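Enquirer: Residues per chain are reported as follows:
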Amino acid sequence: EAGVAQSPRYKIIEKRQSVAFWCNPISGHATLYWYQQILGQGPKLLIQFQNNGVVDDSQLPKDRFSAERLKGVDSTLKIQPAKLEDSAVYLCASRHPEYTGELFFGEGSRLTVL
Amino acid sequence: RKEVEQDPGPFNVPEGATVAFNCTYSNSASQSFFWYRQDCRKEPKLLMSVYSSGNEDGRFTAQLNRASQYISLLIRDSKLSDSATYLCAVYLNRDDKIIFGKGTRLHILP
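Chains R and C supply the protein sequences, listed in that same order. Residues in the first sequence are numbered consecutively from 1, following the numbering used here. Residues in the second sequence are numbered consecutively from 115, following the numbering used here.
Some hints could be false.
[What the hints assert, rightly or not] Which chain C residues face chain R? A few, computed with CB under 7 Å, are given here: (1) PRO158; (2) LEU160; (3) LYS211.
[What the hints assert, rightly or not] Computed spacing ranges between beta-carbons, pair by pair: (4) C:ALA143 <-> R:LEU114: 38 to 48 Å; (5) C:TYR184 <-> R:TYR99: 22 to 32 Å; (6) C:GLU170 <-> R:ASP56: 26 to 36 Å.
[As the list claims (entries may be wrong)] Derived DSBU-like pairs: lysine-lysine, alpha-carbon spacing no greater than 30 Å straight-line: (7) C:LYS159 <-> C:LYS193; (8) R:LYS83 <-> C:LYS116; (9) C:LYS211 <-> R:LYS78.
Keep in mind that the hints were calculated from the coordinates and are not lab data. Model, not experiment: these values are computed from the prediction. Note that CB positions come from ideal geometry on N, CA and C, so glycine has one too.
In isolation and in its complexed conformation, chain R is listed as follows:
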């Protein structure tokens, strides 16, 4: 079974530039999450989708971050304009409808903002 795919793996940009990350979850996983993990901290939930609808985006900085999952499958997370404090790993995870706790994570997209 293919895992969660994310790209790009690494991205270096300057502040005020924009960046987009892509995620393709495991087939059949209706729930998709984007987490931000800053070095030395645990994953922080940014946004959660159920199929193509947003379940929770309360911690998404909406002035600069946006995310979509138009067809209920793959998803993109965009940052525009980026700030220095956005340097982090952006983890995408998906979950099978019947298993409440097991998230399957992608390898993450590591962003460095200079």
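Assemble chain C onto chain R, guided by the hints.
Expert: Frame of chain R, contents of chain C only:
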């Protein structure tokens, strides 16, 4: 109070020793509990679920104390390969949300 709290460590433990760490949670409505393992520069992976009756998987034992709102992870006969960050995760059924702690770093020393 943070929703999920863990001692960040690091815990430096000699190989073969037993180590335990706890995680506290603030929301009494929390439904399910989990330990994830995260290796350096890798993604988190589920280590084990935590059941009310406690559960064991080889050298790993997880326990839940609902009254005191904490879960624990015990690692016996620690191996060098156990060196990692251990993330506590709490599933909130009402919000269908999974919240992670900051993680506890474990270093097993040869």
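Enquirer: All hints are to be evaluated individually against the structure, with a verdict given for each.
Expert: So, going through the hints one by one against the coordinates:
1. With its C-beta approaching chain R no nearer than about 6 Å, PRO158 of chain C sits inside the 7 Å limit, and its interface hint holds.
2. For the restraint placing LEU160 of chain C at the interface with chain R, the shortest Cβ-Cβ distance is roughly 5 Å, inside the 7 Å limit, so the hint holds.
3. Taking 7 Å as the C-beta contact cut-off toward chain R, the hint placing LYS211 of chain C at the interface holds, the least distance being around 6 Å.
4. Checked against the hint of 38 to 48 Å, the C-beta distance between ALA143 of chain C and LEU114 of chain R comes to roughly 42 Å, which is consistent with it.
5. A C-beta distance of roughly 23 Å is found between TYR184 of chain C and TYR99 of chain R, which places it inside the suggested range of 22 to 32 Å.
6. Between GLU170 of chain C and ASP56 of chain R, the C-beta spacing of about 33 Å keeps the proposed range 26 to 36 Å intact.
7. Annotation: proposed proximity of LYS159 of chain C to LYS193 of chain C holds, straight-line Cα distance about 18 Å (limit 30 Å).
8. Using a Cα cut-off of 30 Å, the hinted pair LYS83 of chain R and LYS116 of chain C holds, with the two alpha carbons roughly 25 Å apart.
9. Only pairs whose Cα atoms come within 30 Å are accepted, and LYS211 of chain C paired with LYS78 of chain R is accepted, the gap being roughly 22 Å.
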